[in-house]
Amino acid sequence: MTIACALEKARALLNNAPFVKKDLSLNPTLPKPRVSLESELLLSHILGEERIFLHTFGEKPLSKEQENEFFALIKRRANGEPIEYLTGKVSFYGEEFFIESGVLIPRTESEILIDKVQALLTQTNAQEIFEVGVGSGIIALTLARLNPKLRIYASDINQKALALSAKNCAHFGLDSQVSLFFGSLLEPFITNLGAQKLKGALIVSNPPYIANDYPLSTPLKFEPQNALFGGERGSEILEALILESKRVGARALVCEMGYDQKEFLSAFIARIAHKKLEFYKDLSGFDRGFVLEFF
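For the sequence shown, the working numbering gives the first residue as 1226, with consecutive numbering after it.
Check before you lean on any hint, since a few could be wrong.
[Claimed, not checked] No more than 20 Å apart at the CA atoms, straight line, and that leaves these computed lysine to any residue pairs for SDA-like:
hint : residue 1 : residue 2
1    : Lys1501   : Ala1465
2    : Lys1424   : Gln1352
3    : Lys1392   : Thr1416
4    : Lys1424   : Pro1413
5    : Lys1500   : Asn1350
6    : Lys1424   : Leu1346
7    : Lys1501   : Arg1472
8    : Lys1385   : Ala1395
9    : Lys1446   : Ile1337
10   : Lys1234   : Leu1311
11   : Lys1341   : Ser1326
12   : Lys1446   : Ala1436
13   : Lys1385   : Ala1436
14   : Lys1446   : Pro1243
15   : Lys1314   : Phe1397
[Stated by the list, open to error] Here are the computed distance ranges between Cβ atoms for each label pair:
hint : residue 1 : residue 2 : range
16   : Arg1376   : Glu1503   : 22 to 28 Å
17   : His1280   : Glu1464   : 49 to 55 Å
18   : Asp1340   : Ile1497   : 34 to 40 Å
19   : Ser1409   : Gln1291   : 41 to 47 Å
20   : Ala1395   : Leu1468   : 32 to 38 Å
21   : Lys1289   : Tyr1505   : 48 to 54 Å
22   : Glu1503   : Pro1286   : 55 to 61 Å
23   : Ala1391   : Phe1520   : 30 to 36 Å
24   : Ser1404   : Ser1442   : 31 to 37 Å
25   : Ala1495   : Leu1418   : 26 to 32 Å
26   : Phe1489   : Gln1352   : 51 to 57 Å
27   : Pro1286   : Leu1418   : 25 to 31 Å
28   : Gln1291   : Ala1344   : 42 to 48 Å
29   : Gly1327   : Gly1510   : 27 to 33 Å
Calculated from the structure, these hints are not laboratory results.
Note that this is a predicted model, so its numbers are computed, not measured.
Even for Gly, the Cβ is constructed at its ideal location relative to N, Cα and C.
Turn these sequences into a full structure, and let the hints guide you.
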């Protein structure tokens, strides 16, 4: 089978992916698979070539091994498995990072979180940042790359996420700039560095914030549930992090949140002494996060 024929067959299989019709019946706004792009990305991954190679050498035959490997990935994608897990790569803020099953896949919306933290770093001239829920490491490592003198301490409750963060950290040569800790919320920083270290700190987090009863699309079901669900309301972990940040004397907290949580969190934070609260939207116009300054 030639490259061109393989791509044509793959597009047809993805166009009829069984999970798409099911998911769209639950939520018509969900994006459909980008069948041409995804087919090319997966075949490029198998061949170890750029996508332009596929168009230049469309009549080149695939080996039986390449063909079998390619359609095995297409089948997994047609069953809803995220393409990032299939290629082991994810793009974020102009760079490519390693990603693995069992670790939350970064979203482009989180790039706005980087911009908000950057503005706060300029405003405060802070030399350190603490991240809760480091996941694959994309936020901590992007901030480290943008700010070579910045020291970053990051934690997670998922050992697999910490291992992947360490792998990404080594890939970019940032081991001396980023320290990783196992544990929940601010506890690992207090235990390993002392509570005093958090006084006046800048804290950043993209925590789980989906309500426990929210119906997930098929691709989301492949991702770690403890990185998605934040409690019955969805905001419980955010609430706990806000209270802990206030208790330790942090200067500011920058977080992502659910699109429908602004009203509740605004009322929750109103009961806590603080200097300033700013909510921000994502590129689709949905409420996506907040910057909370305590002093």
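Legend entry - Straight-line alpha-carbon gap Lys1385 to Ala1395, limit 20 Å: 15 Å, holds
Legend entry - Pair hint outcome, Lys1446 versus Ile1337 [Cα-Cα no greater than 20 Å]: Status violated; Cα separation ~25 Å.
Inset, instruction - With a cut-off of 20 Å on the C-alpha distance, tell me whether Lys1234 and Leu1311 pass. - result: 18 Å, holds
Inset, instruction - Starting from the hint 51 to 57 Å, judge whether the C-beta atoms of Phe1489 and Gln1352 obey it. - result: Since the Cβ atoms of Phe1489 and Gln1352 sit about 34 Å apart, the hinted range of 51 to 57 Å is violated.
Inset, instruction - Take the C-alpha atoms of Lys1446 and Pro1243, compute the straight-line distance between them, and say whether it is at most 20 Å. - result: 15 Å, holds
Legend entry - Pair hint Lys1385 and Ala1436, alpha-carbon separation not exceeding 20 Å: 24 Å, violated
Legend entry - Consistency of beta-carbon spacing, Leu1418 to Ala1495, with hint 26 to 32 Å: Roughly 31 Å apart at Cβ, these two residues keep to the hinted range, so it holds.
Inset, instruction - Mind checking the alpha carbons of Lys1500 and Asn1350 for me, to see if they're no more than 20 Å apart? - result: 18 Å, holds
Legend entry - Restraint status (C-alpha distance of Lys1314 to Phe1397 at most 20 Å): 14 Å, holds
Inset, instruction - Assess, step by step, whether the Cα of Lys1341 is no farther than 20 Å from the Cα of Ser1326, and give holds or violated. - result: 28 Å, violated
Legend entry - Beta-carbon spacing of Ser1409 to Gln1291 - inside the hinted bounds 41 to 47 Å or not: With a Cβ separation near 44 Å, Ser1409 and Gln1291 satisfy 41 to 47 Å, so the hint holds.
Legend entry - Hinted pair Lys1392 and Thr1416, Cα distance within 20 Å: 24 Å, violated
Going down the numbered hints, you'll see the structure goes against 3, 9, 11, 13, 18, 26 and 27, while the others check out.
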